[in-house]
Amino acid sequence: MGDDTKSNTKLLDELEKGPWPSFVTEMKKAAETNPMAKDLLGQLELSYEERIGHWKHGGIVGVMGYGGGVIGRYSDVPEKFPNVAHFHTLRINHPSGWFYTSEALRKLCDIWERHGSGLTNMHGSTGDIIFLGTKTNELEPVFQELTQAGFDLGGSGSVLRTPSCCVGQARCEWACYDTMATCDSLTRAYQDEIHRPAFPYKFKIKCSGCANDCVAAIARADLSVIGTWKDDIQQDDAAVSEYAAAGLDIQKDVCDHCPTKCMQWDGKKLAINNRECVRCMHCINVMPKALKPGKEKGATLLIGAKAPIMQGALLSSVLIPFVPAAELLDTIKELVSRIWDFWSEYGNNRERVGELIQRIGMPAFLDAIGLDPVPEMVTAPRDNPYIFFQTKEDGQETK
Amino acid sequence: MGDDTKSNTKLLDELEKGPWPSFVTEMKKAAETNPMAKDLLGQLELSYEERIGHWKHGGIVGVMGYGGGVIGRYSDVPEKFPNVAHFHTLRINHPSGWFYTSEALRKLCDIWERHGSGLTNMHGSTGDIIFLGTKTNELEPVFQELTQAGFDLGGSGSVLRTPSCCVGQARCEWACYDTMATCDSLTRAYQDEIHRPAFPYKFKIKCSGCANDCVAAIARADLSVIGTWKDDIQQDDAAVSEYAAAGLDIQKDVCDHCPTKCMQWDGKKLAINNRECVRCMHCINVMPKALKPGKEKGATLLIGAKAPIMQGALLSSVLIPFVPAAELLDTIKELVSRIWDFWSEYGNNRERVGELIQRIGMPAFLDAIGLDPVPEMVTAPRDNPYIFFQTKEDGQETK
Amino acid sequence: MSEPAKRITDIGPPPYEKFLHPLIKKNYGKWLYHERPAPGVLCHISETGDKLYTVRAATPRLLSIQTIRMFADLADKYSGGYLRFTSRNNVEFLLDNPDNIEPLKKELLAAGFLVGGTNNSISNIVHTQGWIHCHSAATDASGIVKAVMDALHDHFTESKLPAKLRIALACCLNMCGAVHCSDIAILGVHRKPPKIKRDVLSKVCEIPTLISSCPTGAIRPATFEGKPSVEVIEEQCMYCANCYTVCPAMTLNDPDNDGLSIWVGGKVSNARSAPRFSKLAVPFLPNNPPRWPEVVDAVVNIVDVYARNARKFERMGEWIDRIGWPRFFELTGIEFTRYHIDDFKHAGTTFARSAHLKF
Amino acid sequence: MSEPAKRITDIGPPPYEKFLHPLIKKNYGKWLYHERPAPGVLCHISETGDKLYTVRAATPRLLSIQTIRMFADLADKYSGGYLRFTSRNNVEFLLDNPDNIEPLKKELLAAGFLVGGTNNSISNIVHTQGWIHCHSAATDASGIVKAVMDALHDHFTESKLPAKLRIALACCLNMCGAVHCSDIAILGVHRKPPKIKRDVLSKVCEIPTLISSCPTGAIRPATFEGKPSVEVIEEQCMYCANCYTVCPAMTLNDPDNDGLSIWVGGKVSNARSAPRFSKLAVPFLPNNPPRWPEVVDAVVNIVDVYARNARKFERMGEWIDRIGWPRFFELTGIEFTRYHIDDFKHAGTTFARSAHLKF
Ligand code: SRM
Ligand code: SRM
Ligand code: SRM
Ligand code: SRM
Ligand code: SF4
Ligand code: SF4
Ligand code: SF4
Ligand code: SF4
Ligand code: SF4
Ligand code: SF4
Ligand code: SF4
Ligand code: SF4
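Residue numbers (this note's numbering), protein chains in the order written: chain P, 1 to 399; chain L, 1001 to 1399; chain U, 2001 to 2359; chain H, 3001 to 3359.
By construction, these hints were calculated from the structure, which means they are not laboratory data. Every value quoted in this text rests on a predicted model; they were computed, and no experiment measured them. Treat the hints loosely; a few may be bogus.
What the hints assert, rightly or not - Simulated DEER-style distance windows between Cβ atoms:
#1 L/K1269 / P/D256: 20 to 30 Å
#2 U/K2203 / H/K3203: 50 to 60 Å
#3 L/E1079 / U/D2050: 52 to 62 Å
All C-beta atoms, glycine included, are put in the ideal place defined by N, C-alpha and C.
Hey, can you work out the whole structure from these sequences and the hints?
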């Protein structure tokens, strides 16, 4: 490929126009000094011209002793773009909450300048730091420098994927448990499960501090941990009045949007029927100064979210309605160990735990992991009469 | 069996106690003069003792030239109860709306006194008059006397079952089309389809005059015809005030229950945003004197309701959102002929039309019967990306 | 096959017009509104100014010709000989003279036929054949209906519930009468796989039809004494009896294991909320004739809890929507079991896929 | 395999504590409430009285080390060296001194990084690799994101929508990034069955795994030149590419038939209504690099119609709930086609099973 990057990226150049920060500009910045980035730009321009990707089906590459953390990738036009002939990405386990110091970031940049394309994703959609593309022989050096700098690889393949969490108590007043500590502890506890594939398929854990679910746990984590509370919303009447005085239409903007209509506003006093509140967060979101989650904090554990392949996307569903914050870490560990045992034994190849539940049925899954059924697990009981009645040896009914 | 009915029905006698009219009393009334009724009572007492039914798996019996209308039944204890050794019921097509004169009823009673058990169901749950039990050799005589009296058999087996309808315009102010005439016309038009099985399975049509659906059409008719209107609710403000004056809490009892919250009551005037009204009938139900369906009347046609076997129960779903009353009969006839053609050819044995749609998909069904898709057919568009794109011969997209 | 000359066929039902009260004929399609003067009595007012009075009475649906004649006599006496039956098997007398209402009611009551069932009452229970006539029945129908309505009759004769409450009963999973959309449904169930009559099977059944009749694919081909037969994989059977419908050799009736289940919260009307299926409340209660006390108690309990807690115009399912199912189980004291959690085809769509929780 | 002595493994991520601003450490878990002084700026107030200021800026997610170093420099200058990234790939600077807000904003803007994305705005588009790095991609990711956000950038820098509006993009049906619960999801799709590389298939793929990978059972065993192979029943294929994921010989990428679909009304948060999937709005738009004008127009149109019609605090899906899908199609002018009607597993549950209709 030629020297002058610009003349070779007529189509991509169009994407340097406009107010939104441009990934093409980023690529060009890197390309100035980095031949991999330069060839990536060239290959991408080719894709834009031909409206088709130019990567071969991924191969398995990695670092010694690890079964994942690297996504192998090879160009299908290596003759044109030899510097991306191999172009493997590394997934690096981000620190809880995606917090950094400038120093830590610079260390990462330096490593990647020496050994890779100089391009990253901050972050991948599972949450990892993505080092976007390098050659096979650079993998081990990157890895060794990363660990020296205190970083480690994240997950890929049939492992526990890098857990992630919302910013939680570090900066949010609503976190009903310490999301960052929980995520960090789990990540440390399961290093082996993250690095060495032993599951039927991937398993994801995401921790959100409240029902706003700022890491989208319910949509994309096999185990979704969502903060909640058990007692009454903490209410500051003076602050409510302040909001009203400042022009907030409490009836329309707060009460009318409450999903259970459990709030009453008489123009002066806000009354919440907390027994009917479903902890949706709306009223708290609108009046953060006046309302807060209760004091008896903890989390709901939900199971089984995933993307559509194969049997259609799933959202996580309630498994344990409430775990007190103090018991959360132990409960999660106990629970996942029972889930992993069962799933590892009975899950089909490439079957997520949510799909396993769909296949064998929730009642059978509960039996298998030793949890009692509670009505909170369902939006409604069954409407079909196809009940598999079970009779115990002694003729007594199983409940 | 003995002569004294009473002494033989210790258990059933318990069901003569209490305020609700007793079927046992009915059976005893008949049993006084009718040996079939007497033996039926005896066999039922045996069932009560043993907690099990005493009928053999039904056999096929009928009247000449008809493929249905009779449910064959044989006792499994004929030695004990010889008068119910055969005990077949006849299904007699009721008049639209289940209206009778005393004269017509007496005629029916006389026929059944001569030829059957003297017991009936007024009515079967499809709507037929049920003549409950007679011997094989009585079937043809009953049939001939019935037709002489102006009655005919209803459906059973894989036929169009006896259509039924709500009382409609005969006594209800809300009927948006003439349910009785529609039901009657369809019944007459399809005598052959009712009497001679030619379908993969049963097909039911029920006509309700409005969304209150007093014949439960949406729950149990393959073709559910439900009256509705297109323009604005007819509103009589004076009558609204009357209701309010009489103590009706219009905000709470009317507006708050409106599913779309499209009603506003300021204490004096009721304003309906008719564009948002979904014709649920609630407000009209509560204030029949003040509100009425609009003037542009007609019906919604829905498809596919049935009981749970095999793939779970189905409710009918919208097929044609609105057909003007004047076009209703022709539209239904045109529609069912297309449906029956397709279903007869492609339906599996014992596959209701609703199940056929589940199996092949609604889009394919619409193609087959030549209807355009409209968004009213669904509560929401698909959420899975598994779209079977179709490309026409000329490469153009099918919509 | 040639038919005798005078044999009449395919005439259809008698034309309904000849059964209509002259007042109805005159005002057909002209009704303006109605009033509900008393439980069991309706008054429809026409734009012509005419008024039609309806008196509604309960029937056990299973009627002797003696009783039908008695109804005919009452009609002659009070309603010009005109009467009808409703879609829930009540009888209705159609009167032009309001003075006839009370005498008619009196005679009906004297004869044992309660007047009521209108407005926000519990109307007649839609039901099926049971041991009276059906080979499929996992329980009786009429007996349970009688016992339940004896206990609830004051909800028929008075209109004191928050909304209509529709009860239905079906004696097997075929669900004749479409009980699946009732405020309370009582449903006969089996709990054991079919016992196969191996000796007759190949003679009386078509084996491919039999195999394909099983919703869960629990029936597999097998041979018995050299002849083609089937076997049932018991763990895959959920006792629906569809195999029995197509093959008499697959028997399911069983005195000790058959019984009843109770389902709640369904509705048919589109009033306020959309129609919906009933959901499982009580998975199993024993067959206990003649008066099925366990079933009666369970139904009465649900009605009582509903009556105490629902708001005006809230049907059973709408009330549960508002309070949530956990509260329903709490208030009724019904135990929530693994059976309540759906594990059929669309099970996943019933899982609680949100963090909306009440504590 | 023995490892070299000094090689470190399984250390996990660096402890997050060392990356926390001292003000955060001090007030960890003590935050009382927050204010939103300006778009892209948050102020969190602690029970200690401390205030933490956050300045949020857009990134293209794909960042060069040059830009990351520039962020590090800005952090050193304005936020004590502390910064973070958000779950939607924005960068956040954490300030204890409010006087630093404006200078920081100025520098960010000058460098081309818009400040905003807070409150009821359109935040960054969650997206995936596209032609930059993935073998599966039916389209590019970053290019479409750039083009769409160029058109919508004022919804990032201002907070003028009725509620949050979350857009996501995935370049194939694997849906990395879980776009399936977004207010607007842009999804790369194929429209032709896999072209099988018959010559290599038996060498590179495990045939049973391949066959079982197909959600619709469209793949059947076959032989090719005497070797075990597969064939695809084309009518049963809905182009999901799961076969390609497990077998490189099943290629789907195709310049003319690949393209994009648009889905709307999903959400993740439990605020007000439960989380839910996005639903199909536009089945197919062509791959038209470099700026995908058809996709941009379609998204902008949906955003505009939503912005004009939704009520305050109504997310896209909640707005559609209120007006109904027919009205959505009417207002947006999007054509409703047979593709919109579900025909997958739970299709029946999406049929309109009521007579509730608006005209
Ligand atoms: C890099 C990343 C996209 C991105 O640009 O951010 C990604 C990229 C790939 N994903 Fe993913 N997934 C990524 C997050 C996700 C997510 C989101 C999440 O984790 O929160 C999902 C949806 C949630 C879920 O797990 O269901 C996701 C669902 C999938 C699936 C479908 C899994 C399923 O059960 O349905 C596949 C297919 C597979 O596993 O074979 C998949 C497969 C892939 C592969 C490995 C392609 C393949 O066919 O094997 C992609 C490699 C691309 C490449 O060349 O780098 N990726 N993938 C994300 C990981 C970065 C990180 O580690 O931070
Ligand atoms: C008599 C009646 C019950 C009653 O006491 O009212 C009845 C009785 C039988 N029904 Fe029914 N069905 C009766 C209305 C219904 C209804 C309600 C309706 O039509 O509105 C349904 C539910 C709606 C529907 O069609 O889905 C109904 C759904 C079934 C089914 C399940 C059909 C399905 O597709 O799921 C079967 C099983 C079958 O067809 O093999 C069935 C089968 C039967 C059989 C023929 C039993 C059998 O296994 O073949 C019963 C004969 C009983 C007997 O000995 O007399 N019956 N059946 C009703 C007909 C009376 C009449 O003509 O007026
Ligand atoms: C006579 C009958 C029609 C027929 O052709 O036979 C009928 C007649 C009337 N119905 Fe009905 N309904 C009749 C069965 C039904 C059914 C079907 C059923 O129960 O199986 C339904 C659907 C029930 C359900 O949703 O599960 C039904 C749902 C309604 C409703 C909606 C109730 C609701 O709020 O959900 C109304 C409106 C009302 O009552 O205000 C209604 C209203 C009426 C009105 C007031 C209509 C009118 O203006 O005349 C009639 C008197 C009702 C009363 O009892 O107070 N009718 N009605 C049926 C009487 C059955 C009985 O003997 O009890
Ligand atoms: C920084 C971040 C968490 C993190 O650990 O990175 C975050 C931070 C906050 N979120 Fe969030 N949310 C963040 C992603 C999310 C997500 C996930 C996503 O978008 O993928 C969601 C779910 C979105 C969905 O439902 O599809 C999310 C749903 C919310 C909601 C509920 C909004 C709603 O009404 O549905 C609130 C409440 C509110 O804004 O009033 C909320 C509120 C907040 C508050 C106000 C919490 C607080 O008191 O500090 C934070 C500032 C919000 C703002 O932008 O104005 N946050 N928030 C994420 C910023 C992403 C970004 O750069 O734009
Ligand atoms: S999920 Fe809740 S606790 Fe976590 S950042 Fe979002 S709003 Fe705060
Ligand atoms: S948190 Fe949600 S459910 Fe609870 S009171 Fe507030 S708005 Fe209502
Ligand atoms: S369905 Fe409507 S029109 Fe028919 S009787 Fe009931 S309320 Fe009247
Ligand atoms: S008919 Fe129903 S939707 Fe229409 S205004 Fe009345 S209550 Fe509302
Ligand atoms: S519900 Fe079952 S047992 Fe009862 S009548 Fe119908 S088919 Fe027979
Ligand atoms: S009872 Fe139902 S599930 Fe059991 S074998 Fe028969 S058809 Fe199958
Ligand atoms: S969505 Fe598909 S194409 Fe895009 S990164 Fe994920 S696997 Fe690759
Ligand atoms: S693309 Fe999907 S549906 Fe088509 S053959 Fe491959 S796996 Fe099957």
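Here's how the hints hold up against the structure:
{"no.": "1", "hint": "L/K1269 / P/D256: 20 to 30 Å", "verdict": "21 Å, holds"}
{"no.": "2", "hint": "U/K2203 / H/K3203: 50 to 60 Å", "verdict": "55 Å, holds"}
{"no.": "3", "hint": "L/E1079 / U/D2050: 52 to 62 Å", "verdict": "60 Å, holds"}
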